[in-house]
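Trainee: Note that the protein sequences, when read in sequence, are chains A and B.
Numbering of the first sequence is given in the working numbering, commencing with residue 1 and proceeding in unit increments.
Numbering of the second sequence is given in the working numbering, commencing with residue 1001 and proceeding in unit increments.
Worth double-checking, as some hints may not be accurate.
To be verified - The following label-pair restraints were derived from C-beta to C-beta distances:
no., chain 1, residue 1, chain 2, residue 2, range
1, B, 1425, A, 64, 44 to 54 Å
2, A, 174, B, 1450, 48 to 58 Å
3, B, 1425, A, 126, 55 to 65 Å
4, B, 1016, A, 64, 11 to 21 Å
5, B, 1344, A, 143, 26 to 36 Å
6, B, 1084, A, 75, 30 to 40 Å
7, B, 1462, A, 143, 48 to 58 Å
8, A, 123, B, 1039, 28 to 38 Å
9, B, 1344, A, 174, 35 to 45 Å
10, A, 75, B, 1425, 55 to 65 Å
11, B, 1039, A, 177, 37 to 47 Å
Said to hold, decoys possible - With a cut-off of at most 25 Å between alpha-carbon atoms, the simulated DMTMM-like pairs for lysine to aspartate or glutamate come out as follows:
no., chain 1, residue 1, chain 2, residue 2
12, A, 63, B, 1014
13, A, 63, B, 1035
14, A, 63, B, 1047
15, A, 63, B, 1084
Source of the hints: derived by calculation from the structure; they are not laboratory data.
Even for Gly, the Cβ is constructed at its ideal location relative to N, Cα and C.
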Amino acid sequence: MNPWLLIAAVILQAGQVGADEHMLAGAELFRAGRFPEALVEFRVAERLGDPEAARYAGVTLVKLGRDEEAIEALGDPQAQEDPLMSWYRALAYHAAGLPVAADRLLAELGGRAGPRVAEQAARLRAELAHRLATVPEREDVDAALVRCAAARSASRPGLTAAACREAADVAARRRDGYRLAEARASLGTRATP
Amino acid sequence: MIAPALALLLTAGDPCVPIVVDLPPDRATAAVYRDVARAEEAAGSLDAAAVAYREALRRDGTDERSRVALASICRRGAAARRFEEGVSRMKAHDWEGAAAAFADARAEGTDASAALLQGVSLLELGEDARAAEALAVAARDSRTRDAARFHQGLLALRAGSPSQAIEAFEDAADARALSPIAMQLARQARISGHLVVVASADVGRDSNPALEDRDPTADEAGGLGVVALFRPLGRWGPYLRGEGQLRRYQTREDLDFTGYDAAAGWQLGREPIGALAEYDFAVRTLGDRPYLTAHRALASGWLASGPVLWTATALVRFERFATDWDPLTGTLARGELRAAMPLGRPALLGLSYGAGRDWTDTNALSWFEHGPRADLQLLLGARLVLLAGAGATWRTADGYDATIGATRKDVTIDGAIAIEWDLRRGLFLRGGVASRLAHSNVEAYSYESWTPSLGVRYVFGR
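Excised from the complex, chain B in its bound form (with noise of 0.2 Å):
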C-alpha cells in the first residue's frame, strides 16, 4: 500500500511533466484528490493544487475537468515563473531579459502587471512604441492603471505630447503612493511644451504702499499678470516672451503700475548641462504715467553635478527713466550663482548669492548692492506646495548726496511664504505673505512693509 507514496517519490519535481495513467483505476480517489486540489486552489496554493489534480488524473485519465485545471495551473506556474525571473532582471537593470521574461509571461497569461512591468523596462530601453503597447494593456485593468498611467506619462513627455503626459499624471495622480510625483511632474509637463500661457489675478492688503518710514498708510491691491512662452523647437531652441502686468491700488492710484516686456531668446545644450540667452524690452508706467522704458541683455548657464544644479545668470539693463525720474537713467548690471539641491524627496532648496551695479549720471544715485538669498520648496502632500524664500541685501550709494545729507547706505531683508494648492487641470491658488524690512543710514528710508495676498494662478501648456 506504499505505491503511492513511492509513485510520488519517483516522479518528484515539476506536476506539469506528462502524465502517465499508471494506477489501476479508482474513480472514487481521484474525485478525492480533486476535491483537494480544488481547494488547495482556492487557498492560492497552486503547487498543492497540481499536486492532487495529477493524482486524480493518474487514477482517472478520463477526468477533463482535472485536466483542464492541471494544464491552467501549469500555464499560471509557467507565467509566474517568467515573471520572477523579469522581476530578478529588472533588479539586476538587465531591460533586455527582463523585457522578453515579461513577454513570455504575458504570452502564458494575461495579467497585467507582466504587461506593466514589460512596458518599463521597454521605456528603459528606449523602445518607445512598443512600451506603448504593452502600458496600454497595463492601463487598462484597474490593478495597474495607475502605474501604467504614470509610465504613460513619461513616455508623451519623451514623446513631446505635454498635453498627453499632463492628462497622464493627473490620471497617475489618483494614486496615493505615486500622487506627490505625478503631480511635480504634471506641473512640469505643463510648462515643457512649445506654448506656454500662464495667467494671474491676485487680491492683497500693502501695509505700506508708499514705503513710509513712519505711520504708513495701508493700501488694498489687486494684480493682474500673464506670461506666453512660444518655443517652436522645443526646450532647446529660440523663444519668444511675452509678459504684461498690472496693479491697482484702492486709493493711491498714484502707484497704479503697469508693466510690459517683450522678450527673444535661444536655449541651447543638453542634461546636465544648458545655457541661454536673452533680449528684453521692457516698459513701465507709475500712476498711468511714463515710467521707465529698458533694454536688457541676458546670459544664463547651469550644470547639474550630482544632485546639485549650479546656475550662473549674468544681466545688463539700459535703463531710461520718464523726466520726472530722469536723474536715475543708467545702467545696471548684476550677477548670481545658484546652487540648488533637493533635501529629501520632497523638498528643493535654493541658495544663491548675487551682486548688482547702477550707473547713473549722478554719482549719488549709483550703487553697489550684494547679499545672499534662499528659496525653499517643500511638497506637503500631492497637491499642496509650501513656497518660500528670504535674502539680505547691503546696497551702498557710490557718493554723498547734498539733499539728504549722506551717502546713503540701506541694507533690506526681503521675506515670502506661501502655499500653493494645486486644483487640477492647470489652476492653482495661492495663499501667503510677502514682507520687507529696510533699514537705511537716513531715517526717511527706514520702513517695513507687509503684504498677505490671495491668488489664482492659470498655466496652459501644450
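Isolated chain A, as found in the complex (with noise of 0.2 Å):
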C-alpha cells in the first residue's frame, strides 16, 4: 500500500490537541518502516484522546505481525469504514486464522482500495478460496468456538466478536448444522473489556 495514503488520513482526521503530533510522528514513522517507533506513538495518541489513534495502531500491529492484538486495538468495522482500514482488518483476519471473515471483508472491499490493494486482496482471495472449499471437519467447528470461548475469557471484545463469528461461519458451512446454534447464540454474548 502507499503510506502517504495512511499520513494524509491521519492529517485529515487529527483534531486533538497533544495527539496531533504523536499522530504525524507515527505516520511519519510508518512511513518509513520503523513501526515499533510508529506504535509508540499511536498508543501515546490514543492516551492522549485521539479517537482514531487504536485503530492506526492495530494497523501497525497487523505490520508487526501481532495479529490478534492489531484485531483488538481495530474493533468493531465500522460502517463506511475506510477501504484501506478494511484492507488491514482483513489481513489481521487472515494472519490470526479467520479465513471466513478475511474472505468476506475482501468480498466486500473490491476495488474500492486503489488498484494496488485489489491485486493483492485478489490474490490473497485465491488463496482464501482454496482453503475455504472444503467442508470443514466436526473438528474445525469445535477448534473455532474453543477460540472464541478464549477470547472471551481473556476478556478481549474485538477478537471475541471476530472469534465468535468465525466460529459461526464455519458451523453454518457444513450441512449437519453440527454446533451451529452453539456458536449462532455465542455471538450474543460479548467478552467484558
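Combine the two chains into a complex, taking the hints into account.
Mentor: Below is the structure:
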C-alpha cells in the first residue's frame, strides 16, 4: 500500500490538541517502516485522546505480526469504513487464522482501496478460496468454538466478536448444522473489556 | 510539531544507545510514554517498550524508573541477540562459537535456556567439566530441568558413572518428548557399568514339557535365574561372568533343570568395531541328576556400517553327557551372521542366519542344522517394549538310526512374543508366550508346545 495515504488520512482526522503531533509522528515512522516506534506514537496519541489512534495502532500491529492484538485494537468494523483500514483488518483476520472473516471482508472491499490493493486482495482471495473449498470437519467447528471461548475468557471483546463470528460461519458451512446453534448463541455474548 | 517524529527518525536503530535529553522537560508526556512502555513490556514487545522508555527519558531525564527499566530491557535484548547467534552457530555445528555466544547470553541475563544450550555445546566439544557446570545451572530451573538432566546423563555415561547416568535419564524421562530415548538410555546405562547383576523369576504353563508327539500333558513351571558380569576395566577389557538358572515343574520332577556357567572373556575394540573372545564352563542337571558338563570357546566380532550393525559369531563346545545320555557326548560347533538395524526411531530389527554341526561317536546322533532368525524390539511407549522373535531350523542327522528305522530329518519353527514394562529403578515386568512347532520325518519327534509366562527381572548396574 502507499503509506502516504495513511499519512493523509491521519492529517485529515487529527484534531486533538497534543495528540496530533504524535499521530503525525506515528504516520511518518510508519512510512519509514519503523513500526515499533510508530506503534508507540499511536499508543501515546490514543492515551492523549485521539479517537482514531487505536485503529492506526491496529494497522501498525498488523505490520508487526501481532495479529490478535491488531484485531483487538481495530475494534468493530465501522459502517463506511475506510477501505484501507478494511484491507488491514482483512490481513489481520487472515494472519490470525480467521479465513471466513477475511474472505468476507475482501469480497466487500472489492476495488475500493485502489488498484494495487485490489490486486493483492484478489491474490489473497484466491488463496482463501482454495482453503475454503472443502467442507469443514467437526474438529474445525470445535476448534473455532474453543477459540471464541478463549478470547471471551481473556476479556478481549474485539477478538471475541471476530472469533465467535468465525465459529458461527464455520459451523454454517456444514450441512449437519453441527454446533451451529451454540456458535450462533455465542455471538450474542460479548466479552467484558 | 513534527519535531518528535524527526528526532525519532534521526535516532533510528538501537534504542539502547546513550540517551541525550534533547527535548524541553515535559513530565506529563513522559508519563504517558512510560505508561505505553509498561503496556508493551507486559505484552512481551520489548523493542516497542524500549522505544517508549527512551522517549520518556528524552522528556524527563530524572525518570529513574524508566532508566532502570530501559537498562533491563537492553540487557535482555543483548542477551537475546547472543542467544539467537548461539542457536545459529549450533545449527551450523560451530560448537565453540555457540558455547561462547551462550556464555555471553548468560552473562547478560539469567535465562536457564542459555545455560542448557551452553552445556550441550560444551558436551559436543568434550569440555565435560564446563558442561557439567552449565547443565547444573539449567537443571535447577523447572523449564529446562528435563533436558538438562538428559544431557547430565550423557555426561555421566561418558565419565563412566552409570549409576548417576541412570538416575539422570530416569529423571529426564518425566518429559514426554524425552521419555522414550531417556528410558532406552537408562536401560543401556544400567548394563554398562563395571558390575552388572540381573536376577529374574518367572511362572508359566508349558503345554508340552516332555515334547510328546500326541496328547501331551501340560504342566506348570517356575524359574529363577541370575547373571553376574564383572568388568574391572569397563566395557573394553577382561570380564568374568557367572550364571545360574533353575526350573521346576509342578508334576514332572524328572524334567526339573538347573544350570551353572562360569565364563571369562576379553572384549576389545573401539566404536564402531569390536570383538570378544570367551571361555565358558557349564554344568547342567536334569531331574536333579547330572546331565552335562561342557567347555565352550566363543569368538565374536562386530562392525557398524551406516545404520546396520553386522555381527559374526562362532563357537565350539566340547560336551560330556552323563552316563544315561553318554551317546550324545561330542563336539558342537556353531556360526552365525547377524545384521541389526533401526526401523524408524522406535524399532530395532535383527536378521541372522546360523549353522551348526554336532559330532558324536554315533553317526545317527550327529547332525547338521541351519536356518534364519528374526528378532524385533519395538518401543510402544516410554516404558513399554514389544519383543518378538521367530526362527526356523532344518536339521539332518548324519546317518541311519536303526532304533527308529530312519535317518532323522527335523524342521523346527520357534516363535516368541512378549511385552516388557519398565517399572523404573531397574525393575521390569514381562508377559509373553513362546511356542515351538517341530516336524520330523519320524512321527514320534514331531510336537508342538506353547508356554505363556509372566516374569519379573531386576537389573543392578554400578
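Trainee: Is the distance from the Cβ of residue 1084/B to the Cβ of residue 75/A consistent with 30 to 40 Å?
Mentor: 35 Å, holds
Trainee: Could you grab the alpha-carbon distance between residue 63/A and residue 1035/B and see if it respects the 25 Å cut-off?
Mentor: 22 Å, holds
Trainee: Does the Cβ pair residue 1039/B, residue 177/A satisfy 37 to 47 Å?
Mentor: Given a distance of about 42 Å, which is inside 37 to 47 Å, the answer is holds.
Trainee: 55 to 65 Å was suggested as the range; check whether the CB atoms of residue 1425/B and residue 126/A agree with it.
Mentor: 60 Å, holds
Trainee: Decide if the proposed pair is consistent with the structure: residue 63/A and residue 1084/B, CA atoms, cutoff 25 Å inclusive.
Mentor: 22 Å, holds
Trainee: Should the hint that residue 75/A and residue 1425/B are 55 to 65 Å apart at their CB atoms be regarded as holding?
Mentor: 59 Å, holds
Trainee: Is it true that residue 1462/B and residue 143/A lie within 48 to 58 Å of each other by Cβ?
Mentor: Holds: the Cβ-Cβ distance is about 51 Å, inside 48 to 58 Å.
Trainee: Starting from the range 11 to 21 Å, see whether the pair residue 1016/B and residue 64/A falls in it by beta-carbon distance.
Mentor: 19 Å, holds
Trainee: Return holds or violated for the Cβ distance of residue 174/A and residue 1450/B against the range 48 to 58 Å.
Mentor: Holds: the Cβ-Cβ distance is about 52 Å, inside 48 to 58 Å.
Trainee: Cβ-Cβ distance between residue 123/A and residue 1039/B: within 28 to 38 Å?
Mentor: About 35 Å separates the Cβ atoms of residue 123/A and residue 1039/B, which means 28 to 38 Å holds.
Trainee: Quick one, are residue 63/A and residue 1014/B close enough, alpha carbons at most 25 Å?
Mentor: Holds: residue 63/A and residue 1014/B sit about 19 Å apart, inside 25 Å.
Trainee: Check the following: the C-beta atoms of residue 1344/B and residue 143/A are separated by a distance inside 26 to 36 Å.
Mentor: 29 Å, holds
Violated hints for the displayed structure: none, as all numbered hints are satisfied.
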